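Residues per chain, in single letters:
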Amino acid sequence: MSAFQDGDHAVLTCHDRTKIVQIRQGRPIFIDKNKIFLDHVIGQCDGSYFELKGKYLSVADMNQAKELAQAEDISSDNAGQDNRDLCDDGTGNQTLQHDEIEQLKSDGVSGQEIISKLVSKSATFEKKTAFSQQKYLNKKKKKYIQIYRTWKPSIRLLCQAYTNDLQKIMYLRRDTLAMLLSLSNISHGSNVGIVESCQGLVLASAIQRCAGGNGFIFNLTPAGENNSTSPCCDFMDFPDEYKANVYSIPIENVGDLNTIERANQAKPVEKEPNEKHLLAMQRRQRRLDGLQLFEKTKLDSLIIASKYDSLSILQHLIDYLTLSSHFVIYSQSNETLLECYQFLKKRGGTIHVEIADSWLREYQILDERTHPFIRMSGASGYLLSGMIVQS
Amino acid sequence: MSAFQDGDHAVLTCHDRTKIVQIRQGRPIFIDKNKIFLDHVIGQCDGSYFELKGKYLSVADMNQAKELAQAEDISSDNAGQDNRDLCDDGTGNQTLQHDEIEQLKSDGVSGQEIISKLVSKSATFEKKTAFSQQKYLNKKKKKYIQIYRTWKPSIRLLCQAYTNDLQKIMYLRRDTLAMLLSLSNISHGSNVGIVESCQGLVLASAIQRCAGGNGFIFNLTPAGENNSTSPCCDFMDFPDEYKANVYSIPIENVGDLNTIERANQAKPVEKEPNEKHLLAMQRRQRRLDGLQLFEKTKLDSLIIASKYDSLSILQHLIDYLTLSSHFVIYSQSNETLLECYQFLKKRGGTIHVEIADSWLREYQILDERTHPFIRMSGASGYLLSGMIVQS
Amino acid sequence: MTNLIQEGSKVILYLGYNNLHVIKVKTNEVYQTKFGALKHNDLVGKEFGSKIMCTKGYIHALSVIPELWTLALPHRTQILYMADISLILLELDIKPGSIVIEAGTGSGSLSHSIIRSLRPNGHLYTFEFHELRSTLARNEFEEHGLSQFVTAQHRDVLEKGFEHENIADAVFLDLPAPWNAIEHVMKVLKKSGGRLCTFSPCIEQVQRTCQRLSTNGFEEINTVECLRRVHEFRYQHRSRINFTADQNQEAKIDTHSNKREPNDDDVDENDDEEKTPNKKLKNDSETTAKRQPRETESMLTAIGPLVMPGHTGYLTFAYLKQN
Amino acid sequence: MTNLIQEGSKVILYLGYNNLHVIKVKTNEVYQTKFGALKHNDLVGKEFGSKIMCTKGYIHALSVIPELWTLALPHRTQILYMADISLILLELDIKPGSIVIEAGTGSGSLSHSIIRSLRPNGHLYTFEFHELRSTLARNEFEEHGLSQFVTAQHRDVLEKGFEHENIADAVFLDLPAPWNAIEHVMKVLKKSGGRLCTFSPCIEQVQRTCQRLSTNGFEEINTVECLRRVHEFRYQHRSRINFTADQNQEAKIDTHSNKREPNDDDVDENDDEEKTPNKKLKNDSETTAKRQPRETESMLTAIGPLVMPGHTGYLTFAYLKQN
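Line by line, the protein sequences are chains A, B, C and D.
The first sequence begins at 1 in full-length UniProt numbering and counts up one residue at a time.
The second sequence begins at 1 in full-length UniProt numbering and counts up one residue at a time.
The third sequence begins at 1 in full-length UniProt numbering and counts up one residue at a time.
The fourth sequence begins at 1 in full-length UniProt numbering and counts up one residue at a time.
Please note: incorrect hints may appear among the correct ones.
What the hints assert, rightly or not - Using 35 Å as the maximum straight-line C-alpha spacing, the simulated DSBU-like pairs for lysine-lysine come out as follows:
| no. | chain 1 | residue 1 | chain 2 | residue 2 |
| --- | --- | --- | --- | --- |
| 1 | A | K53 | A | K135 |
| 2 | B | K243 | B | K307 |
| 3 | A | K141 | D | K191 |
| 4 | C | K95 | B | K19 |
| 5 | D | K24 | A | K345 |
| 6 | D | K56 | A | K345 |
Simulated from the structure, these hints should not be mistaken for lab results.
Bear in mind the structure is a predicted one, so any value in this text is a computation, not a measurement.
Use the sequences and the hints to build the structure in full.
Take a look at the structure:
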């Protein structure tokens, strides 16, 4: 596992928070409006521990950090507890004032010490049951002990990072993404078409699975939204060879044989050949090349997870699919997929067409307190999938 | 708990099968095409044990029956078993022939004895692991030991009896029915309107909850389907006072003030006043009385679980609901309920409008082999519910 | 229960979805809501379900019915929700005339539903080892006009049992160690047959309970979990992509026009704003009538919520017949 | 993998939804299907995805891809299904280049998906204590052209460990007592960090595993369950009730007509057949054009299935870094 370098992306975790950042020497990131410098992350490995000291994440000793970060062994809720013992959490009993705490913090007093002070100044701590004491300590730990870990980005971690921002990725839950990837049958060498509005999460997953094979990945985006799929692809820090066969092409022009001709006729006005302009010209040419390539390519997989009307997208792209290829369409609601299903049935030449959703249940496994999490996601979205065959 | 009498309904269970029957002296019921007489059930209590002897269910000793009927303590699947030990179930090793078994049965040899014979004539039984032996015995017990129990009908048991006939009750799962009843707020004294196509399961539940209060229950059925709600109401053997305030009325004529007038004009031709005709006239009159009563009554609860278009039913019935009354609509698909929701939003004067479905998970709780059942229902249907308020 | 609000009535104020408050009407008092002040006097004489004006808006005044009470009640303990409650009522065969035992009373969420189901001639005996909670529940039953159907008692049933013998059709236990109450349950259930339900949040509790039930001759033991998923109503806005191929088919003559290529949008990324598809199409439509602005369709959907209750507890049902 | 079917190709025959068969193409052989005889020769030279005629119908010939293979493979053990498999791949960060350890191989359902994900430069080491199963799986990998990505070994890993040291990015265990393999897992995972997944059907196994993981320094331990619900497509036929009140509004003059009352239907129950609403309305419509026959609307719906997998197993994930 290689070490982090200047310019790399990293996934930062602290308690149950996950954030994707870019490591840049001397340039801070912001967490809760606090400036934090990641300079010391450079050279460190996947899974390293850091403590927030002043404005810097400083390398922390693994064993010590582990101990600090670890929660006391209690249940996250009071399930299974004899509630005879439950007593009020009593927040009004603390004599240490907010200002004093802030002062301690800016004096560089460690989180552990602050918690000790809080305990000693709490009027009720001693009277609490062991269970309540542990619960209290965990709460304070979460607040005052800032142990961070840095991770090399992965699709799993991106899913985790978007957990609290699901609207950005069309509420695509990780189990649904996982299933979508399986159903698409994408692998090294596949020719893939992708229409997505999920910050590039689907595209990035596909790029990783293909790993620079000799197949092509076509990222079909509406004009003006070329960058909508950039975030996740950037986060993954893919090597250049992974991106060589990835083409972003304007979805509006798919199937329009006059596009290239028109584009050549409508050559943009000659501007001064500055660097920016050259770059733009190159990008434009790549889009045109991609479009030409697309028209000549037979796709092995088509994935649609778009905020645009999926049915018309499917109608325009289905004929690019080769025999025994796979299509998957993700939608938050069943209705959209039913429209697509009706179209497919009428069209023929498809088999194994399914609509499915899924349940993901997480468990608390603790001695005498084992049960599913008391909160879960009720929104998995739906996947329509199937295969193209000779009709 | 009173004993079964001639003419009563009973719920018969045997292994995981449940069947609703009527007990009638000298009249057989049919199970798997076999005639069975229930004469000996008369006078017995809820939960009694019977053994099938010849064509009669004969009273069985509780303790003995319990032991016979009980499965060996094994898991219903091989989850958690080290599958190194699994061996083929070997059905070809039995030397006792089918004909011989049938002969034993008609000779009145007990199921237990037949199983003993099977074991002794099995070439492989001895070689099986303890786990496989138990599994084998359970399979044979299920086949040859016919211990029945008879139960007084209850809504719970009706749900159980329809488990394998769900299409008859619109796939209304027991947890959904339970929730529907809560959301309807039906209680002793309520005025209730019901439109259902569930064999009367919903109606019977409502009749039981009202228990002959001074409220009215209106069973709104399309003409020609008056009897569609009879089955479950019959099964429950309600006392007469429970049924006194229950009116079946023709839903087509709701809100049509001319109906009664027209009905009186169109007096049916005078036939000979035979008994059957008189009964029909009485029924007709009761339907007309019900209709008149309905037009004057303000409903506290409205339940729709109908195969007919729910939206138009709701539109025609909603104004019969009083302030702070409750409505619940059941449907297998969300789309139907969304239409109703849109109507309600437009109309106003409703609060707490919800659409919900539910999950029901059953568990195998066994030492070292605890897990959810490996099969579950994926179809709960949806409930739309809400309250009427001043707008 | 009368249909008009009176002095002393318990009223549930409905301020919005999942925003419910409970008050007891007292002449001349004022209750502050997010819609401003509500004068108790404005409630008196009104029908339940009425719209009541506050200084900055309105609320609806509702009577205490079990579903709303479960949402509005003061939580003295973790409470049972309607999916579990409803299933318990069905599986315990609770009906008018049933004699039911409940321990503990807790916040009284289940009690209210049980009472609704066993009226007019059944009775609920509910036990709570925490004295204050028991008293509070008893007062609530009184205020809600339910006293004749319920006896709320302060009692540690694990130690002392249920006091009664062979009276119950059904028993419900929500105790930390229900297995320790099984013998008491056997004593209180009718000999001719009765049903039991235990509620436990953790699987270890369920395992112990089932074990104990089985050794004590209970039958038809089964454990279930029921989760209710309330959907969210949302309008989905879907735009259609304007495929140029379609437009060509519709108007092939059109190719000469000076319209811009969609795919040269990224030539200058600074004025992305200028080049959103809708803007461009709007311009285009001035020159070529055939081009329609991107159609957007709105569709009402009810979709699963991002967060829902993932676990409340396991319900274990069993039947016992003692001859 | 070539796109054309050849002598020796493994072909999945698709006969219908969830009706899949696997054959190996052999010149001059014949395979019997429910659509009649299929000549192997008819397959040779065809593209995968082609429609192949049998004597009494047709089938589709597909290549061995993991999803279909999971549905079609010969079950030598209980197998993992796609919902679990997919989540395992994601949560174990399996990607091209990954070195993955699997025990046991079982029927090879998961193996095929792992291989697809780690191609072209990763490797799967899969272990199975049952010799025949291991051999059969190895043969299948060979036949499916996957040998270069996988080493299938007959070995009791609980006793003997994984042979290799510090090579694995990810380990998957589907063993009856995974907790007994934890020390072997620690030895085979890369020191710089690696991920583990254990699959267990029973909660007691999960409890023991988590306990052991925690005491051995594993972190980020979490247990999940994933169930996939495939919907059923069904046309719902809904009729509208013809409310007479609506008809009155439309044609008030109509009341004089000699039409029969809907509610005297039960006067004579013998000729119910004669009096079904549709029949009657049909008669009525002859005299009064305003009356429409009951409208029936058909709507395609996708609804949850009556029976679905309710439990496969619990997946426990964990991370270990050893410095």
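Going through the hints against the structure:
At most 35 Å may separate the alpha-carbon atoms for a hinted pair to count; A/K53 and A/K135 meet this at roughly 26 Å. As the CA atoms of B/K243 and B/K307 are separated by approximately 25 Å, the hinted pair is consistent with the 35 Å bound. Under the criterion of a C-alpha separation no larger than 35 Å, the hint pairing A/K141 with D/K191 is consistent with the structure, at around 29 Å. Proximity of C/K95 to B/K19 is assessed by CA-CA distance (about 22 Å); at most 35 Å being required, the pair is judged to hold.
With a C-alpha separation of about 30 Å, the suggested pairing of D/K24 with A/K345 holds against the 35 Å cut-off. A C-alpha spacing of about 23 Å is found between D/K56 and A/K345, which places the hinted pair at or below 35 Å, so the restraint holds.
Of the numbered hints stated above, none is contradicted by the structure.
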